[in-house]
Amino acid sequence: MRSGEQSGRDVLTRSVRGQARRVGLGAALGCVHQLGEALVPVLIGVVIDQAVAGQDAGRLALWLVVLAVMYVALSWSFRLGARAGERSAEEAAHTLRLAIVRRVLDARGGAEEGRLPGELANVATEDAKRVGAVNMALMSGMWAVAGITASAVWLLLTSVPLGLIVLLGTPVLLWLGHLLSKPLERRSEAEQDRAAHASGVAADLVAGLRVLKGLGAQQAAVERYRRTSRASLAATLRAARAESWQTGLVLALTGGFIALIALVGGRLALDGSLTLGQLVSAVGLALFLLGPLETFAWVNAELAQGRASAARVAEVLAAQPAVVGGQDPVPDPVRGELRLRGVRLGGPDGVDLDLTAGRLTGIAVTDPASAEALLRCLGRETDPESGSVELDGVPLTRLDPAGLRAAVLVAAHDAVLFDGSLAANVTPQGEAEARSGPAEIGQADGADGADGADGADGADGAVNGTAEGTADLRTERAMAAAHADEVARSLPHGAATGVGEGGRSLSGGQRQRVLLARALRAGPPVLVVHDPTTAVDAVTEARIAQGLREIRRGRTTVVVTNSPALLAVADRVVLLDGGRVGAEGTHAELVQADATYRTAVLA
Amino acid sequence: MTTEETRAAQTEAAQKAAGRTEAGQTAAGQTEAGQGEADRALLPTASPARTRAAVRELLRPHRGLAWAGFGLMVLATSVGLLTQPLLGHIVDVVTEHRSPDALTLPVLALAGVAVVQGVTTALGMSLVSRLGETVLARLRELFVERALSLPLGRLEKAGSGDLNARVTRDVSRVADAVRGALPELARSALSIVLTLGALALLDWRFLLAALVALPVQAHTARWYVRNAVPLYAKERIATGSQQQQLLDTIGGARTVRAYRLQAGHTRRVTDRSRASVELTMRGVQLVLRFYSRLHIAEYAGLSAVLVTGFLLVRSGSASVGTATAAALYFHSLFGPVNTALVLLDDAQSATAGLARLVGVVDEPAPTFAERGDDRSTAAGAPSVTLTAVSHAYVPGRPVLHGVDLEIRPKERVALVGTTGAGKTTLAKLVAGLHRPESGRIDVGGVEPDESGRLVGLVTQEVHVFAGPLADDLRLARPLADDEELREALATVGALGWAEALPEGLETVVGDGGHRLTADRAQQLALARLLLADPPVVVLDEATAEAGSSGARQLDAAAEQALRGRTALVVAHRLSQAATADRVVVLSDGRVVESGTHDELLTADGAYATLWHAWSGSRSPAPDGP
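Protein sequences, first through last, are from chains G and Y. Sequential numbering from 1 applies to the first sequence in our numbering. Sequential numbering from 1001 applies to the second sequence in our numbering.
Think of the hints as simulated: they come from the structure by calculation, not from any bench. Incorrect hints may have been included.
A partial selection of chain Y residues facing chain G, derived with a Cβ cut-off under 10 Å [claimed, not checked]:
1. Arg1138
2. Ser1273
3. His1331
4. Leu1344
5. Gly1417
No residue lacks a Cβ here, since even glycine has one placed at the ideal position from N, Cα and C.
Start from the sequences, fold in the hints, and give me the full structure.
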C-alpha cells in the first residue's frame, strides 16, 4: 500500500502519468483550439486588407464564411479538450484521495502522528485537488506553447525579422515570468500552511464547543481564534501583494513587447516588405499572445500551489509507520496465550506477565499511563522500547499487524462509534462483508479471512447453523452480554437508530455498552478491553461483568480496569504498580492481602 | 476569444475543485435508517438583501481603501485602452506612407502605456485584495465568534457537520472569490464598459455592431445560471457528505485499524468521492456548453463589426486604421466578457456561501447576564431551584417529568440513578445548555444560560484543545499568570505530570500534539473549572470517562474543585454519593428519593437497593474459576 520513500515530485509525476491518455488527448485538442484562436486575428487582418481596404464585398462574404468554419472547429476542440483535461484533474485527485485514506488506515499506522484529523481530511480533499489540477495546468501550458508556436510560424512565414523577435522574445518573457513567480511560490506555501492552521484551530474550537460552553470560555476562544485569523491574514496579504506585482510586471513586459513588434512591423510595412493586412495580423497576433503569456503566469502559480500540495500529500503517504517489520501470519489455530517479557510500561523496570490462554485476566493499575502503554503494545500500535510481547510463543514484532489484530482485539477505552445505525456499529465486519464484492483491497482479504477463520473456530461453542444464523445469534448474544440490547430498546427505531457523529446522540453509558457489544461481537480469540463500564451505573455494571464472563468463556480475555465489579469475575487479577507487577491473585485474595490493591480498586 | 477565456475556464474549474461545499451534508447517499439524518435542521441562511447590507457594514470602515483601489483600477484599464488607437494610428501611418520617424511617437506611447498599466494594475490589485482579505478576515472572526455562542440544542439539531462545513468550506469559497473572482470581475467589468465607450468614440455605429452579440450573451448567461444553480447545489451536498465521511473515517482511524474495517471505510470514501467527482464533471460540461454558446456570440459580433468597418470605409466616414482599431477593440472584448460571465456564476456561488456565513453571524446573540461579581465565590454561592421541570428531546418522549429540586447555597447534591434515568438531561438543564420544556430553573434569582459564567459544567466528554497546555488552561481565564495556572494544576494533582512534559506548560497538547491520557485530560478539565471559578458547578460523571484506574485521584481533584460552590454531581460511583450532603435518586425522569446517605439507607428504598448492589459488588466474592 505504501510505496516507500516518496517526494512531492514523485506524487506529481505519478498523478500526471496516471492520466497520461486524457492529458494527451486534452493537449492535442487544446492545440487545435489554440491554432484557431491564433488564426482569428490573422483572419481579421485578411478581412481588413482584402475586403475593407480593398472594398471587395465578395471577398468579405468569403472570408466571413471561412471565419465561421474556423469558429466551429475551435469551439468543438475546446469543448472536448477541456473536458478531457478536467476529467484528468478530477480522476487524479480521486486516486490520490483514496491513496491518502488507505495510508491513514494502514495497519501499521503512523500517518496521523502530529496531524489534526481535520488537517488530514484537508490534505485528502484540498491538496489532492490541487495536485490533480496540475494536470489541467500542464495542459494549459501546452496549449499556450501551441498558440505561441502557431503565431511564430505565421510570423516567420510573413517576415523573418518579426518571427525572430517573437521566437526569441517569448522565452525571455517566460523566463522573467518564472523568475517572478519564485517568491510567490515560497509565499504561497507559507500562506497555505497558515490558512490550514487557521482552519484547524477553528475546527478544533468547534469540536470542543461543549467544553467551552461548560466553562463560559467562548470569549477567550474567540480571542484566540482572532489572533490566528490575523496571523493568517498577514500571510495572505503578503502573498496577494506579490501576486499583484507579478501580474503588473507581466502586463508591462508584454505591453513593451507589443510596442517592439509594432515598431519593427511598422517599419517593414513602410519599406514595403510587409502588406497592410500582414501588419494588422501581426499586431493582432501580438495582442493574442497576451493570452498564452498570461496563461503561463497562471500555470506557474498553479504549479507552485500544486508542488506545495504534493509535498504535503507526500508527507502523509511517506509517513513513518508506527510499527515496522512483521510479515508472518498468526499461528493457526490461535491458542491465545500472551506473554510479556521485560516490557517497560512507564516504570523503570520491565514487566514480566503471562496471560493464560482461555482465561479471564483482570489487570488493575495504579498509574493509568501504564494501562495505556500496555494496550498500545498488545494491539501493536507501538512496539515496546524494550522487552518483547509474544502470542503463543511468537513475538508480536514478527507478526503482520492486520493479522495480529484479527487474533488479538484491543477494545480501547476511547474507541469511536461511526456515523450510522447502532446495528451497523455493532457488526461493522458484517456490514463490510455484505457491502464488499469479492475483490477488495489486500488488507480486507486478510481481515475477512481472519474473521472467517475465527467464525470457523467455533469459539462460541454451542452455535451452529447457517452463516447468516450464526451471525445473527452472535450479534444477539453480544448485545445481550453488553446490555446494549437495552440501549437499542430505548431508542426510537431500535437498533436501526442512528447514533450520530461519533455516537454523540447516545449518552456516555449507552455509548460504552455499544462499544463493548461491538468488541464482543467481533469475538476474537484474544480480547483486551479497557475500562468498558466507567460510565455505566453500578447495577448494570455487575450484570455486564457476568455477561462478559459468560460470552468469553474458554477464550483469552483481558480486562484492564480498576472496577471491582469486573475484577471480581476475573479468574486471576494482576496489579500493575508503578510500571511493574505489584501483586497477583484473585480479586478476593488481593482485597484481603494487598493494601495497594485495596486503595487502587476500592477507594 | 483569447486564451484569457480558457484561463477563466480554468479558474472556474479550479474554484470548483476547491470545493463548493454547502452546509448540508447527509441526505444524498446516506444509508442511515435512523432518525438523526432526517431530523436535521440546518442553520439559517441570510436573505440576499441582508447579505448585501452585511457586506456594506463590513466595508464601511474601509471606504478610503475601496475608493483608492477602484480609482487605480479605472486608471489602469483606461490607460490600457490607449493601445488599440495607437496601433490603429500606426496602421494609418503605413496606409498614408509617411516617414518611418512618424512611428517613433506612437511606439514610445505604446511602451509608456505598458509601464503605466503595469504599475497601476499592480497597485490597484493589491489594494483591492487588501480590502477583500481584511473584510474577509473580519467576517470569518465574526462567524467563529457567533458560532461559538450558538445554543447547543440548535447545533445538535443541525449536526456539527453543518457548522464545520461553513467554517471551513464556505469561508474558503468566499475567500477564493475575494482572492480571484473579485479583482478579475472588477477588471473585466471595467474593461467592458470602457472598451464599449472607446468603440463609441471611434464611431457610434461600431458600438451598435458590437451590441449584436449582446442578446446571445444575455440569453446564454440566463440559461447557464438556471441550470447551474440546482446542479451546484447537488454537488455541494455530495462534497459535504464526502467531507463528513473523511472526518468520520480519519478521526476513527485507530478504531478502523483495531477492527480491520479498512475495506468498508475505503469503500465508503470511494463512493462519496466518486459521486462528488461525477457531479463536478457534470458542472464542467455545463460550463463548456456555455462557452460553445458564447462562441456563437463572438462570431456574430465580430462579423458585424467587420461588415460595419467595410461599410464605413466605403462611405468614407472611417479610415482603415479606425476600422482596424474597432476590430481589435472587439477582439479584445472576448476575454473580459467571457471572464465576467463565468465569474457571475462564481460570484453567485460565493454569495451563497456568504449568505450562509452571514446567516450564522446574524443569529441572535444569546442574552447573557452581565458578567459581574456574582460570578466569584466571594459574593456567596447561590441556591438552585427547580420547579416542576419537564423535558423531552423528541416530542412525546419525555425524559424528565415534573422534577422539583432545591440545592441550597454551597450544598453538594449527588444525583443517582440507572443509566437513562435522565441524570444527564437534568445536569444540562441546570447548566443552561437546554431550556426545560416546562417548569422553571432558578439559579440565584436568574435562569441559567449557556454563558457558563454562573454555572460551570464539566462532563465526561474530554476535549484537549490543540496548542500549548497553558493556552488550553487560559481559555478558562485568559489573564491568568503562570503562577495561577500552576496553582490550579497543583490543586487537581496535575502539576507533577504537567511540569514533566517535554516543554512543561508550553508543550503542545491535543490533536496533533502530545497525547494526554483520558484521566489527565479530565484533570485538565477540572483545572479549567477552577480557573473559570463559577459559583455553581455541575459535574456530569466528570470522573467517569477517565477510567476507573485514575478515578480516585480524580475524585480527590473534583473534591477540591467543588469546595465552596453549590454543586450538583451526577454520580456513577456510589462512593461519590455517600460523601455528598444529600442524595437525590432519579428514576425514569422522576425524583423518587431525596435525603442524606444514611436517611436513604434507613428508608430502604431504591437507593438502598443500589447501595447494596454496589457494596456487594465490591465484596470479594468472585464465582471462582
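Comparing the hints with the structure gives:
With a least beta-carbon distance of about 9 Å to chain G, the hint placing arginine 1138(Y) at the interface is held under the 10 Å criterion. Evaluation of the serine 1273(Y) hint against chain G yields a held restraint, the C-beta minimum of about 5 Å falling below 10 Å. Proximity of histidine 1331(Y) to chain G holds as hinted, the smallest CB-CB distance being about 6 Å (cut-off 10 Å). Given hint, leucine 1344(Y) at the interface with chain G, is violated; its Cβ is 19 Å from that chain's nearest Cβ, farther than 10 Å.
With its C-beta approaching chain G no nearer than about 7 Å, glycine 1417(Y) sits inside the 10 Å limit, and its interface hint holds.
Comparing the model with each earlier hint shows a violation of hint 4 alone; every other hint is respected.
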